[in-house]
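Asks: If you want the building blocks of each chain, they are given just below.
Protein chains: 2
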Amino acid sequence: MKNYITHDEWSIVEDGFHAANNEITESLMSLGNGRMGQRGNFEEQYTGKTLLGNYVAGVYFPDKTRVGWWKNGYPNYFAKVLNACNWTGIDIKIGDETLDLNTCQVEDFRRVLNMQEGTLERITTVQLASGKRLKIYSKRFCNMVDDESGAIQYSITPLDFTDTFTVTPYLDGNISNRDSNYDETFWNEIHKETSFSEGYLVLETKENPYGVEQFQVATGMAFDIKINGLKTDYQSLPARREKYVAGVVHIEVKEGDELTIFKYAVNLSSTNYEKDQLIPEAKSYIKRISEKGFAQLYAEHVKAWADKWEKNDITIEGDIAAQQGIRFNIFHLNQTYTGEDERLNIGPKGFTGEKYGGSTYWDTEAYCIPFYLSTADEKVARNLLVYRHKHLQKAIENAEKLGFSGGAALYPMVTMNGEECHNEWEITFEEIHRNGAIAFAIYDYVRYTGDESYLSEYGLEVLIGISRFWKQRITWSAEKKQFVMLGVTGPNEYENNVNNNWYTNYIACWTLRYTLEVISKLWGTERLNEIIFQTHFNLNGEMADWKNIVDNMHFPYDPEKQVYLQQQGFLDKEILTVNDIADHRPINQKWSWDRILRSCFIKQADVLQGLYLFEDDFSTEEIKRNFEFYEPMTVHESSLSPCVHSILAAKIGLKEKAYEMYVRTSRLDLDDYNNDTEDGLHITSMAGTWMSVVKGFAGQRVKDGVLVLNPYIPEQWNSYSFRIGFRGALLRVEVTQEGVAVENISDHDVTILIKGEPLLIAANSTERK
Amino acid sequence: MKNYITHDEWSIVEDGFHAANNEITESLMSLGNGRMGQRGNFEEQYTGKTLLGNYVAGVYFPDKTRVGWWKNGYPNYFAKVLNACNWTGIDIKIGDETLDLNTCQVEDFRRVLNMQEGTLERITTVQLASGKRLKIYSKRFCNMVDDESGAIQYSITPLDFTDTFTVTPYLDGNISNRDSNYDETFWNEIHKETSFSEGYLVLETKENPYGVEQFQVATGMAFDIKINGLKTDYQSLPARREKYVAGVVHIEVKEGDELTIFKYAVNLSSTNYEKDQLIPEAKSYIKRISEKGFAQLYAEHVKAWADKWEKNDITIEGDIAAQQGIRFNIFHLNQTYTGEDERLNIGPKGFTGEKYGGSTYWDTEAYCIPFYLSTADEKVARNLLVYRHKHLQKAIENAEKLGFSGGAALYPMVTMNGEECHNEWEITFEEIHRNGAIAFAIYDYVRYTGDESYLSEYGLEVLIGISRFWKQRITWSAEKKQFVMLGVTGPNEYENNVNNNWYTNYIACWTLRYTLEVISKLWGTERLNEIIFQTHFNLNGEMADWKNIVDNMHFPYDPEKQVYLQQQGFLDKEILTVNDIADHRPINQKWSWDRILRSCFIKQADVLQGLYLFEDDFSTEEIKRNFEFYEPMTVHESSLSPCVHSILAAKIGLKEKAYEMYVRTSRLDLDDYNNDTEDGLHITSMAGTWMSVVKGFAGQRVKDGVLVLNPYIPEQWNSYSFRIGFRGALLRVEVTQEGVAVENISDHDVTILIKGEPLLIAANSTERK
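Chain order of the listed sequences is A and B.
Here UniProt numbering is used: the first residue of the first sequence is 1, the next is one more, and so on.
Here UniProt numbering is used: the first residue of the second sequence is 1, the next is one more, and so on.
Note that these hints are calculated values from the structure, not bench results.
Be aware that one or more of the hints could be misleading.
Stated by the list, open to error - 20 Å max Cα-Cα, derived SDA-like pairs, lysine to any residue: (1) B:355 - A:574; (2) B:480 - A:292; (3) B:481 - A:65; (4) B:401 - A:589; (5) A:64 - B:64; (6) A:590 - B:571; (7) A:480 - A:558; (8) B:71 - A:584; (9) A:590 - B:69; (10) B:471 - A:574; (11) A:480 - A:547; (12) B:71 - A:600; (13) B:561 - A:477; (14) A:703 - A:517; (15) A:71 - B:68; (16) B:71 - A:65; (17) B:561 - A:482; (18) A:561 - B:406; (19) B:480 - A:427; (20) A:355 - A:562; (21) A:624 - A:517; (22) B:401 - A:585; (23) B:624 - B:660; (24) A:71 - B:482; (25) A:64 - B:471; (26) B:481 - A:624; (27) B:480 - A:557; (28) B:71 - A:589; (29) A:71 - B:588; (30) A:480 - B:480; (31) A:355 - B:159; (32) A:231 - A:292; (33) A:480 - B:589; (34) B:481 - A:547; (35) B:64 - A:755; (36) A:561 - B:69; (37) A:480 - B:582; (38) A:401 - B:406.
Because the structure is a prediction, the values reported are computed rather than measured.
One chain only, chain A, in its complex shape (with noise of 0.2 Å):
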């Protein structure tokens, strides 16, 4: 654990160069928009422990999987995020001197992410070795409105001299990921251009053998040169190297003169335009851009942000940390995907860092969606949705190759583009529970907007793929005479191949029972009938199949202690708790596999994400019994886990428990707990966050189509205030130890439940409770 970040509420603050840890604060102040981002590096020459880092949203290349063993049905690729061309350089030459933080002497330093305005800042004062003392200021963004380009300002004062400068702003392809297997590089230089103050570079991805399409991305620049804020006249002398344009200007900066370069960037990707049109829409785009101006964009920019702080903000007071976390995470939420584009989804190092490769996991549907559909336009979510729908073909083939069939449909475990790229059995083949959370989503959108809509048009042929795979994949125990699971790995990554484990029994039951009442939601309709028709579906022959399941499943459960078994057999462990084992913890870092495995210890929530999933299914009381049971057994050894635990925590009024957890989730990164931040964020689990102080603290909940609130406050905190979007309604709900005040932003008058009672909020108004 780390704490070298000030404390503030809506920046994230380096007071002070921590040289040390630059790649971790590289990590924690990452710029994204949806469609690009990048590490929060230096704009010049950095020789100290950094990564550089530039991703663009939906471009990949397919790595050769590689495994000591191979088993039959591995996925032939990795896809693998790609580090891409960094458009941020500006290289700075003081005489001969280059100026590189590592080499000089930092007299003061301060970077700052900006969180409100989506801003990355910097303001450092520096001595050379020669003596020379400069200011560097800089500012950039990664635009939220023009969402393929970036800008920045970059200021430099030379304070005790007067010296010709050498500013070089470039275009740099030569990049390779740090996590590739033999230092390869995955791009080819296509094209490149320079004139006065632009650049152009257009890279593709390496040829593969995977019929996977080479990406193309054109990178293009312009930079514009001021002195003291006023124009000024300047040479530039277009560079260029292999993956490398530049520009080069010499220019005479006097003491105390403030040399300014605005550097505006753009990146296209060729999942977006014609290879061919790349080019000219590039220049289009930068002429559009730098016409602009910075100023202009900047103001934009930050008009984005303020309307989805106003959307999804969380304001907590009397805990400046808590309320540091908690914006930390909804912020890089908002970075990584806005869903404006249906083929992109939320990978787990979002634009921060490449580490693991994909961009979606079963994190954005258990984890993501519940944070879009209340923070975000209706439409996210169903994005979110459509994207699994678009890859249900790819799904079907995923389950062929495993030796399903009639159109059974498997989604994969780490995905980018439908095929599965993950390569650990036990998970790939194995964790299957991931395709009942992604009917589960669809469950969960409609509930929460109403929008049942979705279900026809393309909810319905999802279900009927996913019950499809269930009904195959369970088999009838003749021994039992029930239905069983065999050979899963659940949630609990920390069991492999296990038989029975009742999570994901009971998610595919669940998925079995809401196919069959979407179907009679469904019946009659033409809709209907043209699903039956195109997925050659046996209306009798399924529909009683998936009933004989639903009733006769096995569910292990142990009668004494009354709990619900993680899985068949659990009990035969030694049950111990995680204090019996202090000395050992991380398990995953001191304990081999098998130890692992055969012990009782639990890395995520497993039996208590089902029930967190289908609480209503269950009584407080058994919810309480299971959480007793196997919370103490939980060494939270997911970043997806503490989250579950603390919505839970607070659903049974165990209110320490709920807010330790909360801790645990809410500055995982910036206190970097897990000692990997500096390999970037865990994306996905700051939705859980998010959650576990609305759905947990504040119990937001929508039953029969009504919004429910049972807020509590931590008595750790004076007050905490959250916004949500409730089927065309927006809600500022704050809640402090005297009471809770729910007002209505919006022009719709919404009922809501609080505490079990209903409530009207009149459009504009707000009421107590």
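Given the structure of chain A, go ahead and fit chain B onto it with the hints provided.
Replies: Leaving out everything else, chain B in the frame of chain A:
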């Protein structure tokens, strides 16, 4: 399955050149002497399909473990069997034309592995592109007497022309492993020298970061050239390149004359010599063998093979294919391991290929030791046991890595030097039954030889280490009120991470019982006190713990079907037979891993393996019931499986099944059943083939110090005979359709039990039954 090898009683014959199958033939015709070996490559250049392979026992490279996803506890490296310097090469040029069977017209061709003599011969007539015709005759052997050397006689006769021949006997270390990760080479040159008709090359394995010694191998050669068997004058020009030395001889050969090159080579390894002595030792070795000359070396070598066959030949009359098959198996076992060096062991491919690393699997104990016990000096099996004793400390360290303590030992799944070098968690960490096989082998050795001194000298220490492991690995189930073993992989690797694998539970308890028994046996001896002191043995506590486990262990059993369950929950599976999935086999090539795991299908005998090892603990009826339950589910996709089924089937009177399983095992490589003989031979399962005859058809056992035979003859055969040693006696057992004759070839009287009746066979006499 292929069928191009001519059936012959004593030889493996390729009639006509089968270029497409050349790599298979090279595997089949590999030569070895326990110290070194090489594939059946041609001496002269060959540009067609070939896997040039030379191997030196005990020499390996620790190659970095590469997995997709690292699990805590994985070994850092994999001990790779290294393809080593090629010493068999003799390049031939006729004028400007290079002799290369890939570019000639091959007029006639015969390649013969003479198993009786241990030689590889080739006679071929070829026409060069120029039209010139040549006859080639070669014979070579890997010397069984001077076991660091080999010799070649290579003769060439121009049939219709006279020309100058360029003859280049060479040593070439420019070799890379075919299975290596990135075409890496693993050898560096240390030294080379040449003289008139000699050459020496010292190669060293590359540096490694694992602290594994860098091996050096000195390869030396001397050659001589004759015309028509007579000395002749010739000039030899030394040639030297990186990792290459040669002598180049230009010599005129007249039409019809026979040019013969005699090449003598040695391979001395730093595992046997001081590095600075390698060159002088190689020179004196070369001097010694070249002075003996080819004819004498050959005569000594053939004599050594005759001695081996005297001890372990099996004859089968009435079935040449079966005769050839069984001798092929015995021949390669003798080539792979001679028992001369207790640091060596039996690699899965012997000296016939480089696939898989390591030299030692549990195959050694479970399959090979019974073969060597009956067919070689006692010390051979004893050395195999001592090998594990030498690795006891490493096994203790290996267990410590996995969280065990207090002297608990877990022997590696795959090893070269005692350290684990396999990296699949479900095997490396969980296929722990191997530990039981190592304990059982001690029992098996003592039972066969009566050599109880082994127990106090070495055996007990190993047994204590293994018993301590079982004690810690077994846990108490409060649910079952019995001891359980969770998270294991049994011999049937088509189940992973199961609970209470019956076989593993059984062999674990057996180990504990046997260790207790051995302690009782040694009670009061000084040596026991010494061992107690050295191992910090807690006499009362540990023994009581072990007894408690033995008395209260859980063994999954189905009372209705009255069969032992392969593991807990086995009957939850759909119980099918291999006939139900005829189109799907082999399932390891057609099914994804999860499908294999949740199916009932068995790769290799599992419960049956236990019933085979511990047959006296079970009634024949019980064995039959379990056999009839499990056999129909067994796909035998491990080469180690059919022999156990064959032996059990023979025991319970299922003669047709026993014969079917025998056929399956005995010609596995000769007929390339699994389409992988080109990678090398399945050496360890060859001992299983031998067991199918001797333990299966002939019912050989040892009970209470008496050799037992219960022979019958498959109806397909006229007779079969085999030789076994037993406590100083050498017996030749002949079984015909009429009865059994046992000849005592030795000078010891021996009483054996035939079909339940004792029979005294006096020295050098024969008894019939």
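Asks: Look at each hint and say if it fits the structure.
Replies: Comparing the hints with the structure gives:
1. This hinted pair does not check out: residue 355 of chain B and residue 574 of chain A have alpha carbons roughly 41 Å apart, beyond 20 Å.
2. For the proposed pair residue 480 of chain B and residue 292 of chain A, the alpha carbon gap of about 75 Å is over 20 Å, so the pair is violated.
3. A threshold of 20 Å between alpha carbons decides the hint, and for residue 481 of chain B with residue 65 of chain A the separation of about 45 Å lies outside it, so the pair is violated.
4. Taking the CA atoms of residue 401 of chain B and residue 589 of chain A, the gap is near 12 Å; set against the 20 Å cutoff, the hint holds.
5. A distance of roughly 18 Å separates the Cα atoms of residue 64 of chain A and residue 64 of chain B; the hinted pair therefore holds under the 20 Å criterion.
6. Simply put, residue 590 of chain A and residue 571 of chain B have alpha-carbon atoms about 35 Å apart, too far for the 20 Å limit, and the pair is violated.
7. The hinted pair formed by residue 480 of chain A and residue 558 of chain A meets the criterion: a straight-line CA distance of about 15 Å does not exceed 20 Å.
8. This hinted pair checks out: residue 71 of chain B and residue 584 of chain A have alpha carbons roughly 16 Å apart, not beyond 20 Å.
9. Between the alpha carbons of residue 590 of chain A and residue 69 of chain B the distance comes to roughly 16 Å, so the proposed pair stays at or under 20 Å and holds.
10. With a C-alpha separation of about 15 Å, the suggested pairing of residue 471 of chain B with residue 574 of chain A holds against the 20 Å cut-off.
11. Distance hint between residue 480 of chain A and residue 547 of chain A is fulfilled; the C-alpha atoms sit about 18 Å from each other, no more than 20 Å.
12. For the proposed pair residue 71 of chain B and residue 600 of chain A, the alpha carbon gap of about 18 Å is at most 20 Å, so the pair holds.
13. For the given pair, residue 561 of chain B sits about 15 Å from residue 477 of chain A by alpha-carbon distance, which is consistent with the 20 Å threshold.
14. For the hint pairing residue 703 of chain A with residue 517 of chain A, the CA-to-CA distance comes to about 17 Å; that is within 20 Å, so the pair holds.
15. A hinted pair counts as satisfied when its Cα atoms are at most 20 Å apart, and residue 71 of chain A with residue 68 of chain B qualifies at roughly 12 Å.
16. Between residue 71 of chain B and residue 65 of chain A the alpha-carbon distance is near 17 Å, which keeps this suggested pair within the 20 Å criterion.
17. As the CA atoms of residue 561 of chain B and residue 482 of chain A are separated by approximately 19 Å, the hinted pair is consistent with the 20 Å bound.
18. Between the alpha carbons of residue 561 of chain A and residue 406 of chain B the distance comes to roughly 35 Å, so the proposed pair goes past 20 Å and is violated.
19. A distance of roughly 30 Å separates the Cα atoms of residue 480 of chain B and residue 427 of chain A; the hinted pair therefore is violated under the 20 Å criterion.
20. Pair hint residue 355 of chain A plus residue 562 of chain A does not hold up; C-alpha atoms about 41 Å apart against a cutoff of 20 Å.
21. For the suggested pair residue 624 of chain A and residue 517 of chain A, the alpha carbons sit about 29 Å apart, so the restraint of at most 20 Å is broken.
22. With a C-alpha separation of about 16 Å, the suggested pair residue 401 of chain B and residue 585 of chain A falls inside the 20 Å cut-off, and the hint holds.
23. A hinted pair counts as satisfied when its Cα atoms are at most 20 Å apart, and residue 624 of chain B with residue 660 of chain B qualifies at roughly 17 Å.
24. Distance check on the hinted pair: residue 71 of chain A and residue 482 of chain B sit about 35 Å apart at the alpha-carbon level, beyond 20 Å; violated.
25. Between the alpha carbons of residue 64 of chain A and residue 471 of chain B the distance comes to roughly 43 Å, so the proposed pair goes past 20 Å and is violated.
26. Restraint check for residue 481 of chain B and residue 624 of chain A: not satisfied, since their Cα atoms lie roughly 27 Å apart, outside the 20 Å limit.
27. With a C-alpha separation of about 15 Å, the suggested pair residue 480 of chain B and residue 557 of chain A falls inside the 20 Å cut-off, and the hint holds.
28. Taken as a hint, the residue 71 of chain B and residue 589 of chain A pair is honoured in the structure, with Cα atoms around 9 Å apart against an allowance of 20 Å.
29. Note on residue 71 of chain A and residue 588 of chain B: the hinted pairing holds, with a Cα-Cα distance of about 8 Å set against a maximum of 20 Å.
30. For a cut-off of 20 Å, the pair hint linking residue 480 of chain A to residue 480 of chain B stands: about 18 Å separates their Cα positions.
31. Our distance criterion of 20 Å between C-alpha atoms is broken by residue 355 of chain A and residue 159 of chain B, whose separation comes to about 68 Å.
32. Between residue 231 of chain A and residue 292 of chain A the CA atoms are separated by roughly 16 Å; this keeps the pair inside 20 Å, and the hint holds.
33. Taken as a hint, the residue 480 of chain A and residue 589 of chain B pair is broken in the structure, with Cα atoms around 31 Å apart against an allowance of 20 Å.
34. With a C-alpha separation of about 37 Å, the suggested pairing of residue 481 of chain B with residue 547 of chain A is violated against the 20 Å cut-off.
35. Between the alpha carbons of residue 64 of chain B and residue 755 of chain A the distance comes to roughly 60 Å, so the proposed pair goes past 20 Å and is violated.
36. Distance restraint check for residue 561 of chain A and residue 69 of chain B: the Cα-Cα separation of roughly 37 Å exceeds the 20 Å cut-off, and the hinted pair is therefore not satisfied.
37. For the given pair, residue 480 of chain A sits about 28 Å from residue 582 of chain B by alpha-carbon distance, which is inconsistent with the 20 Å threshold.
38. Only pairs whose Cα atoms come within 20 Å are accepted, and residue 401 of chain A paired with residue 406 of chain B is rejected, the gap being roughly 47 Å.
The structure fails to meet hints 1, 2, 3, 6, 18, 19, 20, 21, 24, 25, 26, 31, 33, 34, 35, 36, 37, 38 from the earlier list, while all remaining hints are met.
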